[in-house]
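*Asks:* For reference, the chains in residue letters:
Protein chains: 2
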Amino acid sequence: MASSGAYDKTVVNTVQRYGKERASYDYKTIHQIIDSTPVLHVSFNPAATTSDPFPAILPMIGCTGSFASPSADPAAGPLDLYIHGYVSSRLMKSPSTHPSGTPVAVAATLLDGLVLALTPNHHSCNFRSAIAFGYAVLVTEEKEKLYAMQLITDNMLPTRWANSRIPPTKAEMTSTSVLRVSISHASAKVRAGGPGEDRADLKDEELRKRVWTGVVPAWIQWGEPIPAEGNRVNEMPEYVEGWRNGENRDGRVGAYEAAMEK
Amino acid sequence: MASSGAYDKTVVNTVQRYGKERASYDYKTIHQIIDSTPVLHVSFNPAATTSDPFPAILPMIGCTGSFASPSADPAAGPLDLYIHGYVSSRLMKSPSTHPSGTPVAVAATLLDGLVLALTPNHHSCNFRSAIAFGYAVLVTEEKEKLYAMQLITDNMLPTRWANSRIPPTKAEMTSTSVLRVSISHASAKVRAGGPGEDRADLKDEELRKRVWTGVVPAWIQWGEPIPAEGNRVNEMPEYVEGWRNGENRDGRVGAYEAAMEK
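Sequence lines, in order, name chains A and B.
If you want my numbering, it's the 1-based position in the first sequence plus 9.
If you want my numbering, it's the 1-based position in the second sequence plus 9.
The hints are simulated quantities; they were obtained by calculation from the structure and are not laboratory data.
A couple of the hints might just be wrong.
Copies of the same chain are indistinguishable here, so a pair counts whether it falls within one copy or spans any two.
[What the hints assert, rightly or not] With a straight-line cut-off of 16 Å between C-alpha atoms, the simulated EDC-like cross-links for lysine to aspartate or glutamate are: (1) K18 with D44; (2) K218 with E256; (3) K18 with D61; (4) K179 with D207; (5) K271 with E215; (6) K218 with E244; (7) K152 with D44.
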């Protein structure tokens, strides 16, 4: 465990490409990227029931938290990662299951823009990404499961938990699986700014007059909600509209700030 | 190899959760999802230089294609997946490297919306996702590398290759790595429509008058481009603006169609 502010840099999580300029290991950056990413990708080695040599990868929903210390500052120390969704038996019967759980790698990636340079080789993307490594275990204790279910629901849409039918029924509690990954290693990588260019290209005025260069900013846009057939609430609740408009504004502003970063 | 229209369903790629309703193995669906996803996630087992038990996962850029048959119909047969980006030595020195290459799993996920039900347990996301499995090898033949570089550039932004400084220099060709993954297994999973509900909840009129249900559609929005400091082209090229407006329109329309699907 790092002594302060950041995950330890080890052979597992050290960023190998542009590590100096773009990598970060600090708790806050990593936890924020994970919590801002609507869909995470979870990778693990499935049960060796066949000669199948492939790792598995699943899109799943989750966020960081601490059941022991729910109001923990995300900048102050390592957190757990709670993942909700169908927990395949392949995941929990992984052959590489360690006494501490199943080793998993979780990726969170946010695209901030497409970076267009004079030559295709200098094209790039602005992005924020985090990779967390740890051991996944099924949450079995009811209080912790409930904590994680609310955490994940409210991380997606703040206050939705309290604004829906709770608590879950006994059957719902049983049918829902939640995984806790104790993050042992993690890293973040952030790319922002305009294109880098080849020196020779920059001296070629004819080329520069012909090829547009810059950034096309990108973000997740949340559109006007579509009521379900069975919906009986005529007016959109403020906690939905406030969240949606805030996300759209923050997404747009963040993508433009990334594009204009020097 | 499947005889027609679809990847074979095997233990590697069979969708285990909601497979009947949501899974698809057909070439066209899978190739389209991969080619529409700006950032792919590539998972593999890194070199066993330590006692590290974790799979690796990297965000990378890529798309499907066929060097042998460049105009192949994506619905007609399996394709290769070309991936561009930094190829870590960890990937190419994987201990599980097979005579055919390094076994990788590649995920492509597109979020189409947030699905809000009466109770948190029935919350869901609308999404399109594809997972492809195959053996990754470094492309060494210059003509194939050039084919893949143009394919990936134009898949992101059509005609950008011809509208930038090409061909790459000798140094650029050497410094750029491209991986080819021959897709051996693949599957897609698509969720669309409004929320499913618990029967008891639907009978609870008080609850239904209190909790808004429906879908918040989501898509990737491409904003007004920001010229680079060194840009000398005053007017935005039509191939950039046409692409951007088309993507925004298709993203929005697709997310609304998914939200309203019965």
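*Asks:* Now tell me, hint by hint, if it's right for this structure.
*Replies:* Here's how the hints hold up against the structure:
1. For the homomeric pair K18 and D44, neither the shortest alpha-carbon distance inside one copy (21 Å) nor that between copies (34 Å) is at most 16 Å.
2. Proximity of K218 to E256 under the C-alpha cut-off of 16 Å is found in neither arrangement, the shortest distances being 37 Å within a copy and 26 Å between copies.
3. For a Cα distance limit of 16 Å, the shortest separation of K18 from D61 across copies, 13 Å, qualifies, whereas the shortest one inside one copy, 32 Å, does not.
4. In this assembly of identical chains, K179 and D207 lie within 16 Å of each other by CA distance solely across copies; the values are 13 Å between and 62 Å within a copy.
5. For a Cα distance limit of 16 Å, the shortest separation of K271 from E215 qualifies neither inside one copy, at 25 Å, nor across copies, at 55 Å.
6. Taking the shortest alpha-carbon separations for K218 and E244, only the inter-copy value of 11 Å comes in at or below 16 Å, while the best intra-copy value is 52 Å.
7. Within a single copy, K152 and D44 get their C-alpha atoms no closer than 22 Å, and across copies no closer than 42 Å, so neither meets the 16 Å cut-off.
In terms of the numbered hints stated before, the structure departs from hints 1, 2, 5, 7, listed from lowest to highest.
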